[in-house]
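Number of protein chains: 2
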Amino acid sequence: MAPQPKYLSGDQSAIDEFINKFDVSIYSLALLKPKTLLTFSSGKKIVFVTNNSTKSRADYQKKLSSMGIPSEIDEIFASAYSSAIYISRIMKLPAPKNKVYVIGEAGIETELRSEGVEFVGGTDPAFRRDMTPEDYTKIADGSMLDENVGIVLAGLDFHINYLKLSIGYQYLARGAKFLATNTDSTLPSNHTFFPGAGSISIPLINMTGERPIALGKPSQAMMDSIEGKFQFDRKTACMIGDRLDTDIRFGLEGKLGGTLAVLTGVSKKEEWEVEGANVVPAYYVDKLSDLKG
Amino acid sequence: MAPQPKYLSGDQSAIDEFINKFDVSIYSLALLKPKTLLTFSSGKKIVFVTNNSTKSRADYQKKLSSMGIPSEIDEIFASAYSSAIYISRIMKLPAPKNKVYVIGEAGIETELRSEGVEFVGGTDPAFRRDMTPEDYTKIADGSMLDENVGIVLAGLDFHINYLKLSIGYQYLARGAKFLATNTDSTLPSNHTFFPGAGSISIPLINMTGERPIALGKPSQAMMDSIEGKFQFDRKTACMIGDRLDTDIRFGLEGKLGGTLAVLTGVSKKEEWEVEGANVVPAYYVDKLSDLKG
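In the order they appear, the protein sequences are chains Y and D.
Following this note's numbering, the numbering of the first sequence begins with 9 at its first residue and continues without gaps.
Following this note's numbering, the numbering of the second sequence begins with 9 at its first residue and continues without gaps.
Source of the hints: derived by calculation from the structure; they are not laboratory data.
Since the structure is predicted, the reported quantities are computational estimates derived from the model, not experimental observations.
Each hint should be verified, as a subset may be incorrect.
Copies of the same chain look alike in the list, so a pair counts if it works inside one copy or between any two.
Below, a list of computed lysine to any residue pairs in the SDA-like style, where the Cα atoms sit at most 20 Å apart [unchecked claim]:
id: 1; residue 1: Lys146; residue 2: Thr200
id: 2; residue 1: Lys41; residue 2: Tyr144
id: 3; residue 1: Lys276; residue 2: Ala181
id: 4; residue 1: Lys53; residue 2: Asp232
id: 5; residue 1: Lys276; residue 2: Val288
id: 6; residue 1: Lys300; residue 2: Leu271
id: 7; residue 1: Lys52; residue 2: Ile23
id: 8; residue 1: Lys43; residue 2: Met75
id: 9; residue 1: Lys105; residue 2: Gln239
id: 10; residue 1: Lys185; residue 2: Arg136
The whole structure should be built from the sequences, with the hints applied where relevant.
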């Protein structure tokens, strides 16, 4: 069995040692509730990360603020932002064939706009409707498409429909690059699950046989953008989250100094207590408030 | 390399031999165009099969009739019909927990009704709308669900949306059985592709990790229902179609006497001319009209 994580809840000397070890705390936003006290990180650098692409960083800052958690917009890394950065600063497709066809909500649009990236689709009401018989013809012959689209970016879209998928497929079939804000299969909400961004893009994967480049956790594109902003020593940073396959994997693949799993979310300790488990955190606690410095 | 198929186009003695060998012709409906002459099958038993679940058998009979191809409703096997038969005669879930939640179009509803199967969802306008904030609560706590749903049946749905997927997931998470009319990833139309039934159900597969029982080609549930109706000797039957992964596989797995690939559709002969090809027809022609008896 893989080396098992250290359990911190109730072990004050282990908690103190843990706190002294790290200067940078990268929190999964989903962990945070109103009045969560980030005592472990008091006086240290804090970064917030989320794979939810439906909101912009400004929206998240407001949300954190309403929960009584102070933050700067630069400290927030959301998958919509990572995607915009990746498109504008890494891919840098030559104009004019560098427009983005967006399957997703307003958060993506805000971040693309702030990076000066042109896009179509997204929340445009023209795409929120049923297919008509003429649509089949116009999608097939290209007359309904924007010839300058070079990228399809799929995120969580609460208004997904047959028209958007048909157009997305058509762009991909004509050679557009395929990106996804993230590939989480589910969106946890109300103590159950709803379709996540990964379940919005998967029809296109199924149709094309092609997998998108994903820009959210655990993609290192997001880690690179955090490091690009703050120039920190990865060995002094700890990733804190509740999902093994995104949060903890993100920290492990980013070779951070530590990873801390908090058992108030989707993942359970049984997942790393099995033979062959390949995503094992360095530490775990039952709940975030167990970490009192 | 696997034994290669016999090429019939232009080889009249091979065509005659082929014609004499089979008494039952099972045609993929997608092959047929207006005024297609089924000369090869003249005087023999003909069966029509299709994975498209959006129409009922009665709809297909009308369509064949409008193309000048005579047929009986009993000779038409569509995946909506196979699904209804499978639910009513094979699964036979005990009442009252035997309702079906339908993701799909009217064809499925017609066939379920004709088998006396109760259902919710489908074309009901109540499911063709955006999510509201209350929907998340009501789906999660079950108050929006029908407690008697025991089956989720997903087919091609031109009105797929986030609400339908969220409800479908919730039924599956609560133990409903998972069926699909078929799992074709694409729907060929206008010389390109649109999302097929398999790209409608795949978000639910992605969320649950569970694969549905598929009732269309190449599922042998459909072959069993054909045999159940006509009691024929499989060795005397030939499957004729243009898709290797559905049509030809259907005939091979059904151990029919023959399979004939027609190269006017999606599949190309290069697909069986490679090392390791595992779906190889017994015969092929360039086009159906090459088969003049």
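Here is what the structure says about each hint:
1. Lys146 x Thr200: For Lys146 and Thr200, only the inter-copy Cα distance (11 Å) is at most 20 Å; the intra-copy one is 39 Å.
2. Lys41 x Tyr144: between (46 Å within a copy, 19 Å between copies)
3. Lys276 x Ala181: Close across copies (18 Å), not inside one copy (40 Å); limit 20 Å.
4. Lys53 x Asp232: Answer is within; shortest intra-copy Cα gap is 17 Å, inter-copy 65 Å.
5. Lys276 x Val288: within (11 Å within a copy, 46 Å between copies)
6. Lys300 x Leu271: within (16 Å within a copy, 70 Å between copies)
7. Lys52 x Ile23: Cα proximity of Lys52 and Ile23: one copy only (16 Å, versus 81 Å across).
8. Lys43 x Met75: within (6 Å within a copy, 69 Å between copies)
9. Lys105 x Gln239: neither (33 Å within a copy, 59 Å between copies)
10. Lys185 x Arg136: For Lys185 and Arg136, the Cα distance exceeds 20 Å both inside one copy (23 Å) and across copies (31 Å).
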